[in-house]
Amino acid sequence: MLEVISSSSLHSIQDLGRFGHSRFGLATAGAMDLHASSWANKLLNNTAETAFIELTLGGFSCRFLETKAFVLTGGQCDVQLNGQPIDLWTVYIAEPGSTLTVKAMHSGVFNYLAVHGGFDVQHFLGSPAASRRDQIGGIDAQAGPFKPGMIIKWKTSTKPIERNSMPTKYIPDYKAPLICDVMLREHNQLSDVTKRQFLDDSYTVSNETSRVGYRLDGCPLQISVPRYSSPIPLGGVQITAAGQPIVLMRDHQTLGGYPLIASVTRRSLSMLAQRRAGQMVRFKQVSINDAQKELVLLNKFFGSFK
Amino acid sequence: MNQVIDRLVSEAVSEDVSVFHLGEPISKQSLLLANRIEQQLIADWPEWLIDFRIGFGQLLIQYQIDLIDHHQLADVVQTLVIEKAEEHSYSSCSVIQIPTCYDPRVAPDLLNLSEQLGLSRSEIVSLHQSETYKVITTGFAPGFAYLAETLSQLHVPRKKIPLTRIPPGSVAIAENQTAIYPKETPGGWHLIGRTQLQLASVNNQTISTVLNLGQTVRFVEISYDQFMSEEE
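Quick note, the sequences are listed as chains A and B, same order.
Quick note, this note's numbering runs 309 ahead of the 1-based positions in the first sequence.
Quick note, this note's numbering runs 5 ahead of the 1-based positions in the second sequence.
To be clear, the hints were calculated from the coordinates, so they are not data collected in a lab.
From the three backbone atoms N, C-alpha and C, an ideal C-beta is built for every residue, glycine too.
Please note that a few of the clues may not be correct.
Claimed, not checked - Pair ranges (Cβ atoms, derived):
| no. | chain 1 | residue 1 | chain 2 | residue 2 | range |
| --- | --- | --- | --- | --- | --- |
| 1 | B | PRO167 | A | SER317 | 25 to 33 Å |
| 2 | A | GLN385 | B | GLN158 | 57 to 65 Å |
| 3 | B | GLN231 | A | VAL534 | 37 to 45 Å |
| 4 | B | THR84 | A | ASP510 | 55 to 63 Å |
| 5 | A | MET589 | B | GLU235 | 21 to 29 Å |
| 6 | A | GLU358 | B | THR221 | 39 to 47 Å |
Produce the complete structure using the sequences and hints provided.
Laid out in structure tokens, this is it:
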């Protein structure tokens with residue numbers, strides 16, 4: 310068991326997400342940076358479906374009440390085990406009574422804390438993932454925050470841990486400008502000029518970012534608004550009335566009225582999630598076939614990647 | 006029933022998501038297709054199906070790309086539509102009645118709307134009640150249904166600034182549609198009444214909703230006293 314010492318309202322229990330209920334308007338939820346969370350489970354030899362804790366912008370401390378192997382992945386931050394600095398993307402074994410403290414973040418937005426076997430949290434409609442918008446899932450089934458003194462249970466695993474740390478070359482640099490792979494919609498209302506502008510211009514991440522979507526700043530795009538709303542895919546790129554793109558993230562609404570012009574690939578979506586306000590983003594067109602090949606590989610490598 | 010169904014236009018929109026265009030959002034044909042597909046997908050829930058949603062004439066399907074590709078998916082959806090056509094019964098026989106109180110005490114936007122539309126309050130209420138509506142889309146929140154089509158006199162743009170907290174059971178209009186807010190959410194539609202009807206029940210196992218795609222709905226006026234006496 311893990312005891313929460315201090316936390317923020319932005320931290321939550323997540324997993325791959327809650328699927329099969331979007332026709333009722335429920336958000337999928339799930340890890341914002343599925344790449345980093347999937348590595349956390351992989352390093353601990355957990356299944357892809359295993360639940361973990363998502364930390365947003367640091368500021369978390371907890372106590373291990375039993376011996377447990379754990380790993381922290383995601384953005385660069387000061388993290389200490391019993392007051393000693395430890396590395397991210399590396400498996401450690403905490404002794405009973407050990408304190409883990411995640412302090413200031415230097416890059417990125419999200420960290421993932423996973424334990425060997427995973428956290429044991431009640432499933433709500435098939436998933437433990439907290440959806441703040443729908444007020445379901447998470448530690449209290451109502452997407453409430455972690456509170457000091459709260460106990461988070463975990464499962465035990467008999468599967469051996471095969472790796473201790475991630476090869477350094479695979480650790481993403483969230484400070485680097487992002488080339489965001491996109492598939493353009495065939496049935497979009499984009500003129501060739503607008504299309505070129507979208508692919509040639511560079512954008513910066515605005516202050517308006519949340520688990521619902523990331524709005525980007527750039528030269529406004531000219532596009533007509535459709536009469537009716539339509540279903541929105543994860544990673545969909547909407548253009549607002551002011552001509553700015555919003556990339557739809559894990560807690561996105563299921564229907565929307567703004568024109569949808571493209572979809573960000575699942576891998577790039579993880580990388581975008583870790584970008585902060587002011588960071589640069591450029592879009593690069595990829596074919597559906599190439600993007601599918603990449604997702605098939607991610608599925609194979611991590612067990613599941615949705 | 007008209008069995009001539011053209012090949013659906015499909016579009017691969019991301020690695021594992023395809024969108025199928027079913028036709029004009031509020032046409033009888035697209036509602037019929039939407040209803041048929043929804044019932045089939047829920048009943049069968051094929052192994053390749055991760056999730057789906059239907060909105061305003063478009064069907065979005067997320068699928069397991071290891072099990073099926075988007076060309077095969079398009080074939081499967083097409084077969085689903087054609088083969089099951091005969092055995093399908095359109096679930097529109099009964100009209101679902103929504104007891105609605107239009108008293109200004111629970112209809113905060115009636116007065117403003119009356120000015121905006123150039124209609125008296127009672128005209129708005131009787132125009133709203135005079136029609137039956139089809140559920141053209143579900144979503145936004147469990148139990149929320151987009152109902153169409155309101156009479157043209159009632160067509161009105163959404164509010165410029167949405168309300169952050171709409172009381173549950175609020176009956177609202179916007180554009181050419183009407184809807185009921187099942188729980189307290191933000192929203193930009195104009196509130197013209199309130200019902201005590203519970204539109205969704207959500208627990209950790211299942212969601213069930215009163216209003217489902219393709220069904221027919223009518224609003225029936227009740228007095229403020231009746232409305233208050235139904236309160237639990």
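Outcome of the hint check:
1. Against the hinted window of 25 to 33 Å, the Cβ-Cβ separation of B/PRO167 and A/SER317 comes to about 27 Å, which satisfies the hint.
2. As the Cβ distance of A/GLN385 to B/GLN158 is approximately 60 Å, the hint placing it in 57 to 65 Å holds.
3. B/GLN231 and A/VAL534 have their C-beta atoms about 41 Å apart, which keeps the hinted 37 to 45 Å range intact.
4. In this structure the supplied range 55 to 63 Å is violated for B/THR84 paired with A/ASP510, their Cβ-Cβ distance being about 43 Å.
5. One distance hint, 21 to 29 Å for the beta-carbon pair A/MET589 and B/GLU235, is violated here, with the actual separation near 57 Å.
6. The hint said 39 to 47 Å for the Cβ distance between A/GLU358 and B/THR221, and at roughly 40 Å that hint holds.
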